[in-house]
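Enquirer: This is what each chain is made of:
Number of protein chains: 2
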Amino acid sequence: MTAFAIGVDLGGTNLRIAAVDTSGKILEKITTGTEVSRGRDRVIDDLCAAVRTLSLKYGPTGQLQGIGVGVPGIIDMRTGMLRESPNLPGWEDYPVRDEIQRRLNSAVILENDANAAALGEKWLGAGADVNDMCMLTLGTGVGGGLVLEGRIWHGMLGMAAEIGHINIEADGPPCGCGSRGCLEQYASAQAVKRMATEAVARGEAPELARAMSGDPEFGAKIIYQLACQGDGPAQKIFDRAGWALGLGLAALINTLNLPMFVIGGGVASAWSAFAPVMFETARSYSYIYRVTAPPEAASQSSRNPDSKREKYTVITQAVLGSDAGLIGAARLPMIAK
Amino acid sequence: MTAFAIGVDLGGTNLRIAAVDTSGKILEKITTGTEVSRGRDRVIDDLCAAVRTLSLKYGPTGQLQGIGVGVPGIIDMRTGMLRESPNLPGWEDYPVRDEIQRRLNSAVILENDANAAALGEKWLGAGADVNDMCMLTLGTGVGGGLVLEGRIWHGMLGMAAEIGHINIEADGPPCGCGSRGCLEQYASAQAVKRMATEAVARGEAPELARAMSGDPEFGAKIIYQLACQGDGPAQKIFDRAGWALGLGLAALINTLNLPMFVIGGGVASAWSAFAPVMFETARSYSYIYRVTAPPEAASQSSRNPDSKREKYTVITQAVLGSDAGLIGAARLPMIAK
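Chains as they are written, first to last, in this note's numbering: chain R, 19 to 355; chain Z, 19 to 355.
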């Protein structure tokens, strides 16, 4: 009889639910559109229906250890409510946790989606060999998750690791959070697209202009392709993203002296375009990184053999892809006290 | 029979050694000039002689729990050596811990001085009611200490909480650490003095020029007095220090969501001059601070009655003054595992 848990990744675009066994194997995964437009009650209905389906299917042969739900936005852990969630408009101050618990008649663990992703990478991904790590998820926005001594660091209200809102430039572009110059405004998919639009508007980027006009799906992926083909203006955008990431990482290294920083999310696929400036900038702004950075080759690999000995500060790509948050959400009930 | 420990605060200017009992009472304090110029061996000799004096005096009536030593600079906890210490020139890569242990024939706990100060404030000062806190010490430089779940957070090598080197402006003034625009270049005593000198050189600050020419001791204290007397250029310097502190605090709040940030060190005495802009800037650059800042009056008081409930993010002055590091150093052996 296999013990398993159910993890939910409730995003602004997709709702994904998986049964994951205690070895980390995904037994089954259900993916639906979130259909945010149909209202939060409908989304919660779909979510609970999928949880019930998996629970009924795997319950007879396994022990359900619990249900973990990752949601985007700032959660108040005391109340189980979202305080701020740009990707789930209208969900602020909606009792997400209580509504799910009421319908399922079962306890659920609510967690910020980037925290869940960090826990997933810690369990089965890039951070499997370390106890302390930080993960940055470069998606629509920039999420962060901190794992200290093997557990998610929540801070006093569960709002910790809002790394996407570390300031990079005091007079930088306005951010949805109400501040300016947040890391998210340089290193998210939206920011990459915005910088491309700005470069096109300034008449500085003919290739980007051409790509933009012909494609309704124009975004970070196409800009990355242009950068790979040697387009200067496209590369400049990723240099800027890398610069901002380097500054943010330097602040984190100086504050926490962690052995590992993991970069995931869709924009992390553009690693080859932003990583060189990111490493260079982290070196420039962190004495600690300068004295603890691994030899050049190791810093590029996804696993570092020396990371176990915690001698180096490793900055590396995530390895679980888009499943990190789902796997981390399922992990939550497995390690709950 | 009282249990006690011996704490040492080894600074660039003063060497202080105290016997502290387990209730936090300072039984006796020995203060000497560090006389760095006479060489590190001489300083260590003086240090060990004072430890022996206190040990012989209080040993017969008390149980010596151990010896803790706070030193300025970045320590490698594995080796007990200083990696970087601008205030103790020539001490880099000197085996401080081993040299003290050898002479005393006894184990000592070596700790960064700002970490020790944070532990002191956690034990008996502003942080006594919380489990998690961060302390910034605004002295010659800017030191930092992180206490998480009641213990100093060291990170992988003991280099954590180098908060004075969080970047404020990517193109800011060069810093002794090799980077630019570090918090230390805005909010330390040296930075305040440098900004005054720059304002005088630009011909923008007649009162500061007058004070500077007549006083070899010209520094942060006199600049603060001028600010208190309404001198605009002097106030502008503390506004800039407050702005940088607010940006640094916002990054820390966004990363760690801690209930308490304690500001100590000599420059903290200029609280009334820098705090207003500091609070305003922290609000501007941290959504989390905006939703968790205590009511106006409470944020100004040195103890917040609600801090026990960990509902608010309290930013407050240290209460132990220059003894924080000494008391924290003595605390180290008391809580060692």
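The reader is advised that the hints may include incorrect statements.
If chains are identical, the list can't say which one is meant, so a pair holds when it fits in one copy or spans any two.
Claimed, not checked - Calculated cross-link-like contacts (lysine to aspartate or glutamate; reagent style DMTMM-like; alpha-carbon spacing at most 25 angstroms):
id	residue 1	residue 2
1	K75	E46
2	K254	E187
3	K329	D233
4	K43	D64
5	K254	D189
6	K47	D257
7	K211	D147
8	K211	E222
9	K75	D233
10	K211	D39
11	K329	D116
Don't read these hints as lab results, they were simulated from the structure.
Enquirer: Evaluate each hint against the coordinates.
Expert: Hints, one by one, checked against the model:
| no. | hint | in the structure |
| --- | --- | --- |
| 1 | K75 with E46 | within (10 angstroms within a copy, 70 angstroms between copies) |
| 2 | K254 with E187 | both (17 angstroms within a copy, 20 angstroms between copies) |
| 3 | K329 with D233 | neither (47 angstroms within a copy, 48 angstroms between copies) |
| 4 | K43 with D64 | within (24 angstroms within a copy, 62 angstroms between copies) |
| 5 | K254 with D189 | both (20 angstroms within a copy, 19 angstroms between copies) |
| 6 | K47 with D257 | neither (36 angstroms within a copy, 54 angstroms between copies) |
| 7 | K211 with D147 | neither (35 angstroms within a copy, 46 angstroms between copies) |
| 8 | K211 with E222 | within (15 angstroms within a copy, 43 angstroms between copies) |
| 9 | K75 with D233 | neither (43 angstroms within a copy, 82 angstroms between copies) |
| 10 | K211 with D39 | neither (38 angstroms within a copy, 61 angstroms between copies) |
| 11 | K329 with D116 | between (44 angstroms within a copy, 21 angstroms between copies) |
Hints 3, 6, 7, 9, 10 from the list above are not met by this structure, while the remaining hints are.
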